[in-house]
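Here is what each chain is made of, one letter per residue.
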Amino acid sequence: MTDIAQAGPQPGAAGRPPGESAERPARAVPGQPDMWVLVLFEALVFTAYLAVYLFHRSAHSELFLRSQADLSPWLGTLDTLLLLTSSLFMLRCVQASRAGAFRAAMSQAFITALLGTAFLASKITEWALLVHGGHGFTSNEFFTYYFFLTGIHLLHLLIGFITIGVIICQLRRRERRSQEIVETCATYWHTVDLLWVLIFSLLYVVR
Amino acid sequence: MNARPKSRPLITWLILSAITLAYLALDRSVDNHGTYRASSVVTTIAILLALVKARYIFREFMQVRNAPALLRRLTDLWVLLIGAALLGSYFTGLAIH
Amino acid sequence: MRRADGELILFWTLPVLAVIWASAFLLFPGFTHPMSPSMTAAQVAGFYRDPAHLSRIRYSMILFNWFGVGLIPMLMLLVMQVRRMAHRTPILSYCLLGCTAGGPTVFLIADLFWLLAAFQPGRDPQLTLMFNDLAWMTFTAVVPFLIGQSLIIALAIYLDHPDRPVFRRWVAHFNVVIAAALVPAAFTGLALGGPMAWNGLLPFWVKNMAIAAWIVVMSVALGRNIYRQRADGSDQRAPEEAVAA
Amino acid sequence: MSTTAAGPATPPGPPAGSRLGRVAWHWRNNPKRELWFAWYTTVIFYNIFFIVFFPVTHAQPPPHPYWSDAQVAYWFNHNHDGLLIGLAIIFAIAGMTVAQNALIAYSMRRMSVSRAFGYSYIVMYSLSAVPGLLLLCVVLSVGAMRPGRDPAQVHWLYDFAFLSYIGTMGIFLLGSLVWMLAILLDKNRVLPKWFGYLNLCNALTEVVVAPAWIFHQGVLDWNGLISWWVNMVVFGVYTGAFIMLLRTMIQREDFGDGPLPDLRKDDRAKASALAGTPR
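Listed in order, the protein sequences are those of chains Y, L, Z and R.
So the first sequence is numbered by numbering that gives the first Met the number 0: it starts at 0 and just counts up by one.
So the second sequence is numbered by numbering that gives the first Met the number 0: it starts at 0 and just counts up by one.
So the third sequence is numbered by numbering that gives the first Met the number 0: it starts at 0 and just counts up by one.
So the fourth sequence is numbered by numbering that gives the first Met the number 0: it starts at 0 and just counts up by one.
Heads up, some of the hints might be wrong.
Example chain Z residues on the side facing chain R (calculated, C-beta under 7 Å, incomplete) [as the list claims (entries may be wrong)]: (1) S22; (2) F24; (3) P28; (4) M79; (5) R82; (6) V141; (7) P183; (8) F186.
Residues from chain R that keep clear of chain Z, each with C-beta distances beyond 12 Å, as calculated [claimed, not checked]: (9) F36; (10) Y65; (11) R109; (12) W155; (13) G169.
In short, the hints are calculated from the structure, not lab data.
Every value quoted in this text rests on a predicted model; they were computed, and no experiment measured them.
We treat Cβ as the ideally placed atom computed from N, Cα and C, and that holds for glycine.
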């Protein structure tokens with residue numbers, strides 16, 4: 000894992016001042032290379048969860064299919080689009096900040112947070128509807144997986160709000176902005192998106 | 000890096016959204032008037048599409064496209080690893096049960 | 000320049016605490032004739048149902064509950080002494096701090112089980128037996144933090160400056176002996192009778208006398224240090240005569 | 000042995016004699032002896048811990064939560080000696096855990112963060128050891144010591160032990176987050192930032208154990224594939240990582256309060272030869 004941290008030209012430890020974006024090396028890891036340990040590690044952990052889920056799914060495919068029919072594919076799709084769009088704005092925020100357009104970057108960060116909140120609201124609505132319809136964490140095996148996977152993902156999303164907060168703090172302080180920290184936090188936010196894409200296709204789409 | 004066309008993120012987003020919407024059509028293809036039916040084909044396609052999306056997110060949103068070769072290869076390896084684990088556990092489960 | 004000296008006040012809480020602990024210890028009928036693990040459920044239930052025992056059990060354990068954490072100030076004073084030693088790092092005082100936080104909690108859990116058993120003595124004797132087992136096992140076997148703190152104090156003294164030690168060498172040797180005396184208590188679960196049972200020679204008499212001796216000896220050593228440090232200016236360590244090993 | 004900074008204070012190297020002679024030399028002269036003491040204690044503790052909990056007591060991987068009274072009673076009787084001997088060993092040595100917590104707290108003291116971080120960590124982990132380790136040992140010992148006990152009560156003890164041990168793993172979550180925050184805020188480069196993020200991964204898998212309070216079988220029960228096995232693998236990676244990182248930290252330590260110097264390549268070989276640590 001250390002290899003990743005040492006790969007490529009190391010960006011300055013404390014981050015570079017805003018004007019320096021043009022001197023950015025042609026090939027650089029966005030943000031701290033260290034964040035990629037988290038990205039790849041969490042991807043593996045989720046792969047383990049999802050692999051266990053898929054394995055057990057084939058044992059009770061009838062039950063899983065019947066329960067799956069109670070999920071709304073529209074809500075799932077909406078969730079995915081919300082997070083994909085939030086990722087788009089996060090990328091724009093990073094690019095604006097790199098170009099020195101901090102006001103623009105700030106508004107992109109706020110839009111990202113707004114879309115994240117919309118995802119949160121949509122998720123909670125979906126949970127509420129399911130619980131109202133009589134499906135809880137312990138109802139059956141499918142819903143155990145469903146609530147477990149969406150729940151642990153939501154926890155990652157909540158941490159994502161903290162990272163957006165860090166980005167906004169970085170953009171606000173004029174004298175010691177760190178593009179590196181902005182990019183590190185952005186990488187985390189995209190990870191939340193990435194994990195949801197996997198969860199979405201495995202909970203809502205597979206048959 | 001700055002030479003990148005401004006529309007590139009938007010195109011990425013459009014492709015990812017299109018794949019997401021394609022899922023809805025994929026669902027309909029095997030379901031029998033609202034009754035879900037098991038289908039290895041749909042499952043496999045769903046997993047593969049998820050991997051395509053994951054790689055897109057890595058390359059474009061997370062900007063691995065411009066990262067050193069090591070990280071590019073590592074993320075590609077990860078996509079393959081995730082795919083192998085998911086498909087492997089699915090088909091192993093099918094074979095056993 | 001006589002000002003109120005907090006460390007001295009904390010130090011002189013020790014005799015008061017010792018009196019309270021000793022009286023609580025003697026008040027608990029299960030300690031004066033330590034209860035054998037080979038007692039049957041009916042005998043154990045009878046012990047708690049005996050009206051002469053019941054109030055003594057409750058009051059002694061309530062006392063222990065109040066004062067169970069009372070030794071922490073003394074341990075913190077020892078942490079302060081370890082901080083004065085000629086170490087490169089504060090790591091040994093951190094270790095001691097860790098023992099201080101963990102040890103009394105364990106004692107309080109044992110106390111809780113005894114009080115629980117005494118609360119409804121009319122309960123199914125099997126249940127009373129189980130609470131009694133939990134209490135005795137926690138009280139007797141869970142010595143890791145006590146062993147840990149003795150060995151850490153010993154190590155800290157051994158690694159101190161040999162010419163100007165905070166504690167003399169014999170204090171370290173003494174702590175090693177105490178730690179060794181506490182080890183058999185950890186193995187008490189293996190025996191329901193004989194010298195290794197929790198009312199036996201090693202886990203009960205040797206262990207509890209070791210704890211008592213440790214408190215007394217360490218108090219004296221600590222008190223001498225505190226007074227000596229005040230006599231020669233609180234912040235400096237006076238050169239002591241070299242201690243012969 | 001930091002050859003970078005200890006400089007003139009460092010006495011000439013250890014004698015090229017027996018291993019015992021070298022250990023004795025380090026005991027007297029190594030300026031980092033306190034740190035190495037804590038590090039070796041940590042390593043030894045984890046080794047004993049593994050041996051006791053896996054092969055000796057069979058408490059890990061944990062037995063099933065859905066067993067009947069009779070099966071639980073059989074498990075206790077079957078493992079009677081292993082449980083009592085193994086747990087007694089833990090009672091004797093569990094004090095070694097404080098050395099690990101002290102070393103971790105020291106790593107935070109060396110960072111450019113408030114002392115409050117290190118102290119928080121010590122107290123959090125000392126208290127967590129009570130439900131997270133000691134209650135398990137007490138309750139399993141009580142369950143094993145009387146083979147004739149009512150099976151229903153033995154079952155209660157069994158649930159108590161494993162739920163206290165596995166169900167409350169979440170108590171280690173906040174300690175992990177404290178360490179993470181210290182590492183991410185640190186400017187002295189004491190520990191790499193990726194390890195800070197790994198702390199978050201570890202904290203997030205501790206959360207996953209909580210469903211053990213709810214499920215009697217399946218992947219989320221207390222020996223389930225997700226709640227126990229995945230968690231254990233993550234914890235193993237995490238523990239292995241911090242043991243190696245703390246070792247490097249001790250080698251780099253210069254007893255200053257600025258950024259911790261890096262080990263140069265040749266220093267690295269020398270340092271490990273001096274410290275006599277396995278490579």
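Consistency of the hints with the structure:
Taking 7 Å as the C-beta cut-off, the interface hint given for S22 of chain Z is violated, the closest approach to chain R being about 27 Å. The restraint placing F24 of chain Z at the interface with chain R is violated, with a minimum CB-CB distance near 21 Å, outside the 7 Å limit. For the restraint placing P28 of chain Z at the interface with chain R, the shortest Cβ-Cβ distance is roughly 21 Å, beyond the 7 Å limit, so the hint is violated. Violation of the interface hint for M79 of chain Z is found here, the shortest Cβ-Cβ separation to chain R being roughly 14 Å, above the 7 Å cut-off.
Hint on R82 of chain Z is violated. Least Cβ distance to chain R is approximately 13 Å, over the 7 Å limit. The beta carbon of V141 of chain Z comes within 6 Å of a beta carbon in chain R, closer than 7 Å, and the hint placing it at the interface holds. The criterion of a C-beta within 7 Å of any C-beta in chain R is not met by P183 of chain Z, whose closest approach is roughly 9 Å, and the hint is violated. A cut of 7 Å between beta carbons decides the hint on F186 of chain Z: the least distance to chain R is about 4 Å, and the hint holds.
Under the 12 Å C-beta cut-off, the non-interface status given to F36 of chain R relative to chain Z is violated; the minimum distance is some 7 Å. For Y65 of chain R, the condition that its CB be more than 12 Å from all CB atoms of chain Z holds, with the nearest at approximately 22 Å. Residue placement check: R109 of chain R does not keep its beta carbon more than 12 Å from all beta carbons of chain Z (closest about 9 Å). Taking the minimum C-beta to C-beta distance to chain Z, about 8 Å, the non-interface status of W155 of chain R is violated against the 12 Å cut.
The Cβ of G169 of chain R sits about 18 Å from the closest Cβ of chain Z, beyond the 12 Å cut-off, so the non-interface label holds.
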